[in-house]
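*Asks:* The residues making up each chain are set out below.
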Amino acid sequence: MHNSKTQDTFVGLFVASGIAALFYMAMQVSNLGSYTSGDSYTIIAQFQNSGGLKVKSPVSVAGVRIGRVSSIRLDKESHESIVEMQIDSQYNNLPDDSGASIYTAGLLGEQYISIDPGPGISGEFLKDNSKIDNVSSAIILEEMIGKFLMNKAEGK
Amino acid sequence: MFEFLENLGKTTRSSFAKLGRSTFFLGHTLMGIGDVLPRPSLLTKQLYSVGVLSFLIITISGLFVGMVLGLQGFYTLSDFGAEESLGVMVAASLVRELGPVVSALLFAGRAGSALTAEIGLMKATEQLSGMEMMAVDPIKRIITPRFLAGFISTPLLATLFSAIGVVGGHMVGVGLLGVDDGAFWAQMQSSIDFQEDIINGVIKSIVFGFVVSWIALFEGYDTIPTAEGVSRATTRTVVNSAFSVLGLDFILTALMFGDI
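Residue numbers (my numbering), protein chains in the order written: chain P, 267 to 422; chain Z, 154 to 413.
Note that these hints are calculated values from the structure, not bench results.
Computed from a predicted model, the values in this text were never measured in an experiment.
Beta carbons: idealized from backbone N, C-alpha and C, even for Gly.
Some hints could be false.
Below, in silico cross-link-like pairs of lysine-lysine (DSSO-like), each with a Cα-Cα straight-line distance of 30 Å or less [unchecked claim]:
#1 Lys342(P) - Lys271(P)
#2 Lys342(P) - Lys413(P)
#3 Lys342(P) - Lys397(P)
#4 Lys271(P) - Lys171(Z)
#5 Lys320(P) - Lys342(P)
#6 Lys271(P) - Lys293(Z)
Derived coverage of chain P by chain Z (criterion: at least 3 residues anywhere in the stretch with Cβ under 8 Å from a Cβ of chain Z; other residues may be distant) [claimed, not checked]:
#7 270-276
#8 287-294
When you get a sec, could you build the whole thing from the sequences and use the hints?
*Replies:* Here's what the structure looks like:
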């Protein structure tokens, strides 16, 4: 039988390794490691169709992730989809004539928003609650296949 | 016919009586927490025998479960050309299900059965009655520290199980089968959510730890004080723990991940 001091040491080691495992999982396995300091601002874009976009989908510029989608809701009047995005505040110099499009990563991958920085004619930047006007909707695969088949049928 | 009805009634009555006894037992155990916390040496001793001694079986099983997941997942996923998703598959199945469930089952087999046998034997040799004679409450002195130790150890063991399983999956997937290292981690990190997956997994294991420790200690305390009674109680601990863990897992999964 161990005396109580070595027992204490082993129990301490055991608890410490359990906490270390939780920390390891938080940082290495989950998305907690990729969260930034949390300072962010919101921009809004209105799409005809937001397709398979989900809350937490990435928002990127030139393939670099700068934020995530925070909410998707339907505009009751225009029946279009209003997407709010949270952008890390370190990227605060996006021109206000930038465009937003919904792309798919790979053929069947998840959808994300890509922001194409505009020429910045007015010299203004996107601020909190700014709205992006220049948008292009998600490409719906079924719609494209449907159109393609229709064109084929008409061509013959 | 009447005999059958009589037996049915008897079984129903006795199982309700047992349920009632176990509830009172749990209440009594929980009330003892206030008396145990000022004496942490009681708790560390039990944490040692319940938690530290289960460490090895949990880590080794975790490693092998992770390695098998990596191997099987790779062969299935490579049919679809989606080997890069191996990390997600290994981590999600470990963190959400296998970590909490398998570690609770192993815990019931390794520590739960030992607890039942220990308490049962204490009862059979009248040590518990002896304590009562000396005006020491056996539940507070014997049961509560063991209960707390089980309750604290299981989430730690389950987290260790999952973490080591992920390492095992990585060893097989990236080391042996040549999945891309970056894709393995990146896809895992983008799909596993800390709150949704990891915290829910920990909550599951806390519930399992509570239930397994409760069953093990109650079966020991409620045993018929003979050699045969102790052996039956030990068997019941393992069987009932397994049923409760698997049944509760379904309910918890439905509540946490399903839209029921």
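*Asks:* A separate judgement is required for each hint: does it hold in the structure or not?
*Replies:* Now the hints, each set against the structure:
A threshold of 30 Å between alpha carbons decides the hint, and for Lys342(P) with Lys271(P) the separation of about 68 Å lies outside it, so the pair is violated. A threshold of 30 Å between alpha carbons decides the hint, and for Lys342(P) with Lys413(P) the separation of about 28 Å falls inside it, so the pair holds. At most 30 Å may separate the alpha-carbon atoms for a hinted pair to count; Lys342(P) and Lys397(P) meet this at roughly 17 Å. With a CA separation close to 40 Å, the supplied pair Lys271(P) and Lys171(Z) exceeds the 30 Å bound.
Between Lys320(P) and Lys342(P) the CA atoms are separated by roughly 19 Å; this keeps the pair inside 30 Å, and the hint holds. Note on Lys271(P) and Lys293(Z): the hinted pairing holds, with a Cα-Cα distance of about 24 Å set against a maximum of 30 Å. With 4 residues having a Cβ less than 8 Å from any Cβ of chain Z, the stretch 270-276 of chain P passes the three-residue criterion, so the hint holds. Here's how the stretch 287-294 of chain P fares: 6 of its residues keep a CB closer than 8 Å to some CB of chain Z, so the rule of at least three is met and the hint holds.
Consistency with the previously given hints fails for numbers 1 and 4, ordered from lowest to highest.
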